[in-house]
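Asker: These protein sequence lines map, in sequence, to chains B and P. Residue numbering for the first sequence is 1 to 570, as defined by our numbering. Residue numbering for the second sequence is 1 to 483, as defined by our numbering.
Bear in mind the hints are in silico, worked out from the structure with no lab data behind them. Quick caveat, the model's predicted, so the values are computed rather than measured. We put the beta carbon where it would ideally sit given N, CA and C, even for glycine. You can trust all of the hints, since none of them are fake.
According to the in silico footprint, chain B covers these stretches of chain P (three or more CB under 8 Å from chain B):
| no. | region |
| --- | --- |
| 1 | 164-176 |
| 2 | 179-185 |
| 3 | 220-231 |
| 4 | 245-251 |
Letter by letter, the chains look like this.
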Amino acid sequence: MAAKQKASAFRKLGQRLSAFSFLLSSFAATACTGTVGSPDQGASVGTAGAATGPSASGGPLECGSQVVHGSPLRRLTRQEYNNTVRDLLGDATRPGDRFVAESSQLGFTNGAASTLLSPAVVEDYENAAGALAKSAISNLPRLLGCDPVAVGEDACATDFVGRFGARAFRRPLQVEEAADYQALYINNKAEFGFATAIELVVRAFLQSPVFLYRVELGMPAPTQTAALRLSPYETASRLSYLFWGTMPDETLFQVASQGKLEAPADIRGQAQRLLGEARGVHALADFHAQWGQLEGVPSLHKNDARFSPNIGRLLLEETNRFVDETLRHGDGLLATLLTTPVTYLNNDLAAYYGVSGPSGPSFERFEFTKGRRAGLLTHASFMASLAHEAQPSPVLRGKFVLEQLLCSPPPAPPDNADTALPAADPSKTARQQLVELTSVVPCSGCHALLNPPGFGFEHFDALGRFRETDGSLPIDASGDLAGPGDLSGHFENHEELLRLLAENETVRSCIVSKWFTYTHGRGEGEGDACSLNRMRETFRSSGGNVRELLLSLTETAAFLYRTNPKGASP
Amino acid sequence: MRKRLNRRAVLRGAGGLAFGLPFLEAMRRSGEARAAVSEAPKRVVVWYNGIGTVLSKWRPTGIGTSYVTSEILAPLDTPSLRPKLAILSGIRGAAAEKLSGNGHAKGMTSLLTGRPFTEIKSTNFGDTVGGGGISIDQLLAKRLVNPGQLASIEAGILTRSGGPSSYMSYSGPGQGGVVPAEPDPRKVFARVFSSVPTGNAGSAELEASARQRRSVLDTVQRDFARLSGKLGAEDQERLDKHLALIRDLEARVQVGKSCDVAVAPAFADDDIRANSRVPELGRAQMDLVAVALACDATRVATMQWSGGESPIDFKAIAPNAPWSELSCPASVDSCSDGDSNSAHHVMSHILPSTAGGAPSDMSAAQSTAMTCLTAVYKWYSEQLAYFAQQLAAIPDVDGRTVLDNTIILCVTEVSEGPSHAYTDMPFLALGGSGLFKPGYFDFQNQRTQNDLFVTVAQAVGLPDITEFGDPEFSSGAISDILV
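If we strip away everything but chain B, and leave its shape as in the complex, we get (with noise of 0.2 Å):
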């Protein structure tokens, strides 16, 4: 009964939306006053902002006015960053790898409030914009794309302004940023000669707020509407963000520049793109690297031989590769992601897992026998990082279940919790130890929910190895499911388990949620319930395919329009 109250509690407590209040200020909504040169350096000036509003058919406006809660300015996360100026410059050295790191906002570290904001990370900026500017000026000829001795020293830094601009600020440049640039370049060539002043152009388009940050005004409206429609080249930016990690590519400038990136159909098209094409393994990789909390793999701390950094990171190669294969070329569905004994493995990891499989390095596909393994869960990767040094944690088993596949985050232990713990005992499971401890007020209440999908993975020692006995009892890894929401059910061991929350309404659920906040930077609004039932019905409809998830996010009110900072309020 105790437990049930809990349930409900934490369910209320997980449906009260987090506030965003917009406070919105004076007018934006200027249109471009003129544009000069374009990525795809083939559209002509002035296409910027000529594009027309949503379809009419079938259109996210079909749900009102509040089709968006809220579109807080992004900042290039570190990853993001090295593979934009990758993309820019051609420069691989991932000089964001020694970024400040990016703080976590509701579980993801993307989040709008996830890029802090110190003096360091100013400074970081400053020296990577210069040490890229420097080396790209290694290699003048490549970086200009003209002939400063054939058309003349001034006239190919102007031309290279508008094209390289336009690549960095990911949309034509206006004419006053033109002027400014060419400016720049201008007060500095005839003391510094035209290579540096090239550098300090450079220099100065990476650490402009239009490049470091993901600036999306709108289209302008006729009137004074709650939301404003991106431009093609922001939803442009919203895409390759979102399915590479990096800035358009030249095929998303063209369709921008040409109009094609309106239509609803023109836009799930690019996203179908996108996915396909090797680059797409981003998002998957990237979304499920977050949700399950594994960038520290590689530096747990196990103290067993067995484990290493080096193992850390081919457990997360495992797990990429494995996300990639299953999602992205296989049936795409949560459920086979959840449950198959199937992954994929090199002889290292073999090894690891005490199996005989690949017997060379690189990474081939295996199955496991049954009642081995079931799906990404029980992956070593995730079952290494929920545990303690020496011995698994089915609390913190429990709780990731809960946090990220259900989305009813347990509490803090109450103050008045006493949380010291009775001596190890040769005669007890640390299971039967962990019982005895919490079947009392006041853990009783949460830990009637932590505990049994947590002990469902009591197969997995701290090294996420697959053992039989804790100590020399043998394992109970069965259990009874008593919610949150519509979960119930026993189960005998962790196969059971996840067919369990596979299957279970909920799960789907929590993962569109999460889907949406990782896709947006911020959490779920008011004005989100349109576009996120719409993803919800796909996800339904299509039997839980996160590639169709995906395909459909891009249709979605949230993901094509911005809040007006001059609209209606809500």
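Chain B is already provided as a structure; the job is to place chain P on it using the hints.
Answerer: Chain P alone, transformed into the frame defined by chain B:
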């Protein structure tokens, strides 16, 4: 006048802890920007270690200057440090008491801000980070910084990005105010020593480099200006803050580099998060902070040993404690909040509360935990002694030592692990000869950390700071320790 910091002088301060970082070749800059002064700058270091202490092993006996030190504080009871040490017992972390939630998160977010946090709320997706306002280190940094200096440096050991337990420094309220500690000594080195142009103030090279940077940053600022007014208020606030930081950068560029240092600390990427490297990482960070203060690259620094719920495993670090007898944390779970390697944190939960003295009926596991935790906190005292000795070995411009002009303020987020209490916070002040009174003080939980921070601010020459943080908890400087 150019004054070279003698490398041997600094390494002599190592006090027999033979580690031998090869780097301290610091030179105080000459020139107009740093004209020789007879009055040395006043500096503050906020030193943090996780999860309080073992109070019964921390409290000295006696009172005032005639106290007898405790087991944990013994490493600080040397002839040179004792006259510079104030043991501040009975400080109340009042701001943290106001709310419910994770004890370490409450402690961390309110510790240096003196305000209840505003943004830790259970949401559909877990906790969100946030402090209640500006933290004392950042306020002092703002007030003590000179043009061209780094306002502050935040050095961390095994600190990481994450939730509200991870951070203690805030430039303002909420997640947007977080100032994270940098766990990579290579990056701290780069911030202090190589992120501004080489060359002396006034040299043609520095002038040219500064002019180039100014023109780059001017162009960037025009992009900021063009965006102004086109975004919502929150977005605009972020951009304004970013722009302000660029302007600070521009000021640094105009003054140039304050120190030249020969060798950067050498670590591999994997080392930065490796528990086994904690002693070396700590040593490198302490040395960097020491030399940054000594050459006046900054006047405020933090040394943050891990986040709240410290994950540091001390088995290899303090090998003489009876870890092998302490089998309980490895056998069953605690209500651990998401940390898979929380040796220190898990262990801290085994300890009974010792605020009223150690209980007489401790279990074997509790006794062992007390022994091990005492070793842990004593180890932290040894680190602090090392750091203080480093500062004491460097002569300052006024003929005293850098330690004499630096207040090291030692804080933690809870008083003890099991109680997560914010009473009897075990705080210390070290250094700052003549800036505060040494000795053992017990404030009986009548004074708050807010009052202590006001005291420190006044001690370093900011008498206008008469309250700090939430006014409800701020009642002015603690006159007992002010000189």
